[in-house]
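Trainee: Listed below, chain by chain, are the residues.
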Amino acid sequence: MPVSRTDTSVLGRWWWTVDRFSLYALVLLMVLGYVAMMAVAPMAARRQGIDPSIFIGKQVVFLLAAAALMVAISLLERKRVQLLALVGCAVAFIATALALKFGPEINGAHRWLRIAGQQLQPSEFLKPCFAVTTALLLAEGNRRAALAAGSSRFATLKPRLVWYGAALAMLGAIALVLKSQPDIGMLIVIVAVFFAQIFVAGIHWLIVAMMGGLGILGGIGIYFTMPHFRDRFDRWLHGTSTPGGRDNFQVDRAAEAFGHGGLLGTGPGEGTVKNSLPDPHTDFIFAVTGEEFGLVLCLLILAVFCFVVVRGLLKLLAEQDQVVVLATTGLLAQFGLQAFINMASSLQLIPAKGMTLPFISYGGSSALAIALGMGMLLALTRRRISRSEATE
Amino acid sequence: MNEPFMPDRPPPAPDSQPIGRTVGAAPRTPGRALEKVNSAPDLARRHQAETSRGRLLLAAIGFCGLFAAVGAQLVRATVLEPALPRPRPVVRLPSPTETAVIRARILDRNGETLAASLPGFSLTADPEAIGSEANATRVADLLRTVYPDMNREALIARLSPHKVPGSEEAARFVYIRHDVTPQEHQRVINAGTFGIEFRNTERRIYPQGRSAVHVLGQVIDLENRGVAGAELTFDRQLRIERQPLRLSLDIRVQLALRDAVSRAIADYSGIGGAGVLLDINTGEVLGMVSLPDYDGNDPMGARFCGPEHEARNRVSNRCERYNRVINGVYEPGSTFKLLTAAMALEYGTANLNSSFDASRNITIGRFTIKDFRGQGRWLSFPEVLQHSSNLGAAHMAMSAGATRQREFLGRLGMLSSLAVELPGSRRPMAPAPSAWKEVSTMTIGYGQGIAVTPLHVVTAISALANGGTLRQPTIVAQPAGETRPGVRVISERNSDIMRRLMRLVVTDGSGKSAEVAGFFVGGKTGTAQKAGPHGRYMEGKRIAAFVGAFPMNAPRYAVYVMVDEPNPNATSHGFATAGWVAAPAARDVISRVAPVLGLVPEIDRAAQIQQTIAISIPPARPGNATRPAAAAQPATPPGQAAPARPASMAPLPPPSVIRRTATETPVRMVAAPEVPVAAR
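Chains as they are written, first to last, in my numbering: chain A, 1 to 392; chain B, 1 to 680.
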């Protein structure tokens, strides 16, 4: 893109300060998502009873809107991003709670709100906003703790207790709502992201160990209290099917899809296993991609996710601002975890968990929410001409 | 970089402190390289930053690990260990690939097709896709434009959404019609139906129609599954392995056999009949006929098989699906005298020079055994068979005794079901060992009081004529030159005697009308009374059978022909016995089949050959009577020739006169027989 270095317009400054490699990678993901959507559109559209071209058209609109949203948010100044996150967090939390109360029941869960004829999952938007909000709270706690350094032990501990506690309280409220919906997948991601953030914020190893233990206990608790989670886990544990239980239909089909695809895939439109895959356009889009485009394209998708996440994290090594470090960590962890859970579920690495593959899976809520998160990420990691500007 | 550029502020003084830094407060964001650590907060912040950097590195490594695991699993799932799409377990929907399988053919021994599958369509529907009863009504009316014969209400009921019987699941699959032709297929499509699907199915065709239908059996087309006959026995080979099955049957033999039996039944107004042609050396079944039969292409058209016919079937077995050869058990009658003779020879309890008292009836308790048209004199061993003397056979059987009789019949397979590859091979009915009394030994000696399948009889006769080796019959073509395992039941020498005796019956006995010039037929007729439902013999209801082998100088084939309940006709002088009924049918079979099987009639050398298989009939002397077998008398093991017994010095009997009895001698038991086999 021919943009002069001396271009001082908003877009010009954006272009020269934004993390262009991450931007390229994210756009590449959207393109790959479009390609994958072509593979599932005819069947997914038929299942939804709509015309495949309308199905594709909708996704194109979603992806374009997502790209526009991502760029627009990445243009924002840091303060505005923080404000957006705080406001977004509040609005999305209320909307999530409303969905629980007023949302239609779909597949036994109240996760969606109907807004202007479109179904929207507010918790998707809550995710990135909460990550940034958490970062603000944790960074503030760290800042005050540092300021109090040298005084009494309690004086340095107190800000941390207060600010970390505030973040934890918010997490608790969100967890309560998500558990009631129920949306365990989302809950796991949000908790995991929170944990990643307090981990990077420098929490004591002892607490890390305790949290890990709590996570395991929580997992066990969920296993024994939520039958459908337990069923999924059992089926994963026992391989193909539980004795006397249901056939491990989904992941077996997914494995067959990958196997059918092989190295180079069957070619566009040549896949057959995909027809018997449940949710081919969302949870199992990776398997469809594997069948039609083979190992090569799957590895490319995986590499792009890995590039965005790992490169993003490593770039933070040179970052001084704790808010940026923690917020970016949260957004990247969310992005990476979601991708991992989706891909690993398809590959039977972990128990099957419904999760969209960022920018690849079909769906407006998902694409826009990811775009919101990645927009904030790009905005926060923009090279600052003046460090002090950022700190004032 | 460290020096902030702030155009909207006045430039700082050269000696002023850096902007944002106040004395005593920590510098906000100093560049890392230039950071000066001079306060506790600075130290703390630096410590925090270091911790974060370490943790970030760990997080990055963690994500690398997660993604590497995904990558490794991807390579495994796609390239290293790809899971191949496997056929899904069929719940209710047979997938097209499964139903498109073509069941393998069944061939006769020469490669003629006896059964083949043709692809076709069947009409099915998805009631859930049709959605409502109103839609079902529309579809039903559209279907009835093509098939006006279909019941409208029943059709609507089938097409309307409903639950699978006995479950809460909605039915997604119902069969509407089978055997849809391509034209009907197109017409249904043109009718504009919906929710209707066509499935590729296959239809079993039997090009030979009725011929060999009982051997071949049946297939349920909808399930493509064999349910009777060879289709059932070899279902796995035909359906799953899809390997064609080559039967031992020869369709030419089968047709000739069916013709001959059919004519005999028609001539004597029988209710049914059976015929078997067996390769005497291999046990291969070349022909197996049971009449009445039905068209294999219309199995539902088989008559007299429903429950409403059951009571009648118990008497007459009229069901057309019923294979008399293996599913029917009949008292074998006089054909069993060959077994009795072989037994006596093998155990050495009688020999060719023995004589038997046929001058007096035998009375045991309430029973009296008679000869129907007795000679009224002592008979020599060959004469017993020649005249088919019940009294002679009873004495012969008594010479061996019950134990050895049971042992011998057991060795011949007469007390257990045959190993032939057809479902439902019946077990013979014989007295229990404890009930096998003297009277049983006598009556079984001439073939009453025991019931076996026709295939049992012809298998046993094969063993007696082939040199003494019993081989289980088979319906599968055997590789040429291969010797099937068998059990020796009599010695070669006794087998040779048995051949001569069988030949004698045809040249000079009741089997005369079975003779075909040049083929040296040997055998035995047998007319047995039929037991009714209550165990009593039924007046005038008989089984007329002929069992034999040819050519007797070097036996190759065994033949069995039976007519069930023959009635006398105008030409038989009031007789409906095996000599009149079954022997001519056997002649028909042999004269047609022998040339087909490559046998050349030896007309020119007939006299010489007959010399080699003739038997001299010694005079019968009363003093040479066999003594009843004592239990203590050691049995000669089967397979060893019995030592010849010295002829006694009894006075000479009158010279034996060969009377050619044109009729068979059915047994009459005067008292109501308590025959254990009778309950049927």
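Just so you know, the hints here were simulated from the structure itself, not pulled from any lab data.
Be a bit skeptical, because a hint or two may be false.
In silico DMTMM-like links for lysine to aspartate or glutamate, alpha-carbon gap of 25 Å or less [to be verified]: (1) K158(A) <-> D42(B); (2) K315(A) <-> D295(B); (3) K158(A) <-> E50(B).
Trainee: All hints, please: hold or fail.
Mentor: Going through the hints against the structure:
| no. | hint | verdict |
| --- | --- | --- |
| 1 | K158(A) <-> D42(B) | holds (18 Å) |
| 2 | K315(A) <-> D295(B) | violated (85 Å) |
| 3 | K158(A) <-> E50(B) | holds (21 Å) |
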